[in-house]
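Chemist: Got chain H sorted already, so can you dock chain A onto it with the hints?
In order, the protein sequence lines correspond to chains H and A. Heads up, the first sequence is in full-length UniProt numbering, so the first residue is 1 and it goes up one at a time. Heads up, the second sequence is in full-length UniProt numbering, so the first residue is 1 and it goes up one at a time.
Keep in mind that the hints were calculated from the coordinates and are not lab data. We put the beta carbon where it would ideally sit given N, CA and C, even for glycine. Honestly, I wouldn't trust all of these hints.
Claimed, not checked - Which bits of chain H does chain A cover? Going by a derived footprint, with three or more residues having C-beta under 8 Å, they are: (1) 81-90; (2) 122-130; (3) 202-214.
Said to hold, decoys possible - To give an idea of the chain A side of the interface with chain H (calculated C-beta under 7 Å), a few residues: (4) Ala44; (5) Leu221; (6) Gly223; (7) Arg225.
In case you want the letters, here they are:
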Amino acid sequence: MADPMNRRGFLTRASLLSSSLLLSGCDPLVQQSWFRNILYGAENVTRSVQGLFLSDARLAPEYSEADISPKFRANGTIRPDDDDYTALAADDFSNWKLEVGGLVERPASYSLADLRGMPSRTQITRHDCVEGWSCIGKWKGVPLAHVLDLVGLKPQARFIVFYCADTMEQTLDGEAKYYESVAIADARHPQTILAYEMNDQVLPIPHGAPLRLRLERQLGYKMAKYIMKIEAVESLKEINGGNGGYWEDNGYEWYAGI
Amino acid sequence: MSDRMMASRKVRTRRHGIVVRITHWVNVLCMTVLLMSGLQIFNAHPALYWGTQSNFDHPILRLGSEETPDGSVKGVTTIAGHSADSTGVLGASKVNGEMTARGFPSWITLPSYQDLADGRRWHFFFAWLFVLNGAVYLLSLIVSGHWRGMIPSGAQLRHIGGSIRDHMRLRFPKGEEARTYNVLQRLTYLVLILVVIPVLVLGGLTMSPGLDSVFSGLLDLFGGRQSARTVHFLMAFALLLFTLVHVVMVLLSGFLNNMRSMITGTYVIEEEGRSDG
Numbered sequence: 001m002a003d004p005m006n007r008r009g010f011l012t013r014a015s016l017l018s019s020s021l022l023l024s025g026c027d028p029l030v031q032q033s034w035f036r037n038i039l040y041g042a043e044n045v046t047r048s049v050q051g052l053f054l055s056d057a058r059l060a061p062e063y064s065e066a067d068i069s070p071k072f073r074a075n076g077t078i079r080p081d082d083d084d085y086t087a088l089a090a091d092d093f094s095n096w097k098l099e100v101g102g103l104v105e106r107p108a109s110y111s112l113a114d115l116r117g118m119p120s121r122t123q124i125t126r127h128d129c130v131e132g133w134s135c136i137g138k139w140k141g142v143p144l145a146h147v148l149d150l151v152g153l154k155p156q157a158r159f160i161v162f163y164c165a166d167t168m169e170q171t172l173d174g175e176a177k178y179y180e181s182v183a184i185a186d187a188r189h190p191q192t193i194l195a196y197e198m199n200d201q202v203l204p205i206p207h208g209a210p211l212r213l214r215l216e217r218q219l220g221y222k223m224a225k226y227i228m229k230i231e232a233v234e235s236l237k238e239i240n241g242g243n244g245g246y247w248e249d250n251g252y253e254w255y256a257g258i
Numbered sequence: 001m002s003d004r005m006m007a008s009r010k011v012r013t014r015r016h017g018i019v020v021r022i023t024h025w026v027n028v029l030c031m032t033v034l035l036m037s038g039l040q041i042f043n044a045h046p047a048l049y050w051g052t053q054s055n056f057d058h059p060i061l062r063l064g065s066e067e068t069p070d071g072s073v074k075g076v077t078t079i080a081g082h083s084a085d086s087t088g089v090l091g092a093s094k095v096n097g098e099m100t101a102r103g104f105p106s107w108i109t110l111p112s113y114q115d116l117a118d119g120r121r122w123h124f125f126f127a128w129l130f131v132l133n134g135a136v137y138l139l140s141l142i143v144s145g146h147w148r149g150m151i152p153s154g155a156q157l158r159h160i161g162g163s164i165r166d167h168m169r170l171r172f173p174k175g176e177e178a179r180t181y182n183v184l185q186r187l188t189y190l191v192l193i194l195v196v197i198p199v200l201v202l203g204g205l206t207m208s209p210g211l212d213s214v215f216s217g218l219l220d221l222f223g224g225r226q227s228a229r230t231v232h233f234l235m236a237f238a239l240l241l242f243t244l245v246h247v248v249m250v251l252l253s254g255f256l257n258n259m260r261s262m263i264t265g266t267y268v269i270e271e272e273g274r275s276d277g
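Just chain H, same shape as in the assembly (with noise of 0.2 Å):
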């Protein structure tokens, strides 16, 4: 038979083991790919068993006037200092023009005017941040959905790129500009707008004028701001880092409805 001692000896050393090996082992653990690709998998489970209950019909809440945060914080970058931005937003983005391009029947590019010219939906919703805080706020802008079907989406397109004006960072091959991307049925959505009015009044700078996504089912980060370009794509790997925005090449998960 085992020594008791032993046995005594073990059990504590395995507790205290254990739990000082949780303590410090962690954070290296989690730079081996191994162990965040295991990690990163609960990404996949999320969005496959919320994609059993969110049929594209389901609409996010949306609130009274009386609701509409008095404060509504700006967040990520809150002023584009590139050059091309500036210059634009210095004629109120009255030469700024949508491109929308990519796997699509007919290329086109739309001005601000153009764009305010086609129906629109207003919806007053929540905006969570990945941080944790809420705001409400009014949003005006057109269904993406109208534009898509303007443009015409070729069958093999299966994601909807934007690609926005502001620079992240300075990277080794030159500069990494915010950008975002859904899938065409998260496209489609009902609330999918891209506004250009934010509580009855133009779009302001820090949320994102001339144009930002409003995708009401997610958290902040998927909504791009200062959108220049659309692109319907097949794939996302060949896009910068790979995984389908900025955030998401920063460690972030795509599906952002959790």
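Modeler: This is chain A only, laid out in the frame that chain H set:
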């Protein structure tokens, strides 16, 4: 010789089945990671609010920081409008020897350094494991009929005062009584399983903008997304408080015997009518 004498007075019993033992330790791992990664996520915006949105000027709780006249950083904890200096622990603590603005200190967050993206990755992976593990445990509780062992009997409830007094004096059930959960354990586990953990999980789900489009009733239940975040935080600390008391009880009521019963399943009880050696 003394070994044989002890063996004659003590009875080895089977206390915890294999499912309970495995799910218990998986749960220890999950709860530890969830707490530490949860505090990492909290640190990205170390304030809590009530209602739908964040009224930045009136948080319920804020672990903030201020710059002092001499150029260093001071931690300021604000609860419902009342502020106190909490430098070193809350609001500001040392990172690589330097006082830094930080909600919770690095020794309790996962990762230890500020990294919201990886904090979320840890949190959601172990949240799934926690829920699956909990489902296995509940299922086995139902299938085995052991759930009955969690319902306090009428007699137990009538003597709850005595049970509380005994616990205060650190006198724990012995002999036959130690074979089953006592009344305080039963009530505590019931509150955890029926209230604290479900509210904790639902509060987490309510923070998901995706799920809010399907289960808007969750928002009504909690009184808004920011309330849900606050309740999620409070329930996590209720669970932490339970865990601390649980560990103290495990230590005081025979640490090695308790540990063995949760690892190998064997628990030794002392027979009635015999004095302690």
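Chemist: Hints first: check each against the structure and report whether it holds.
Modeler: Tested hints:
Given a C-beta distance limit of less than 8 Å, the hint that chain A covers the region 81-90 of chain H is violated, as 0 residues qualify and 3 are needed. Counting residues of the region 122-130 of chain H whose C-beta sits closer than 8 Å to any C-beta of chain A gives 4, which meets the bar of three, so the coverage hint holds. Only residues whose C-beta sits within less than 8 Å of a C-beta in chain A count toward coverage, and the region 202-214 of chain H has 0 of them, not enough to reach three; the restraint is violated. For Ala44(A), the shortest C-beta to C-beta distance to chain H is roughly 4 Å, which falls under 7 Å, so the interface hint holds.
Interface hint status for Leu221(A): violated, as the beta-carbon distance to the closest one in chain H is roughly 13 Å, over 7 Å. Because the beta carbon of Gly223(A) sits about 13 Å from the nearest beta carbon in chain H, more than 7 Å, this interface hint is broken. Taking 7 Å as the C-beta cut-off, the interface hint given for Arg225(A) holds, the closest approach to chain H being about 5 Å.
Consistency note: the structure conflicts with the earlier hints numbered 1, 3, 5, 6.
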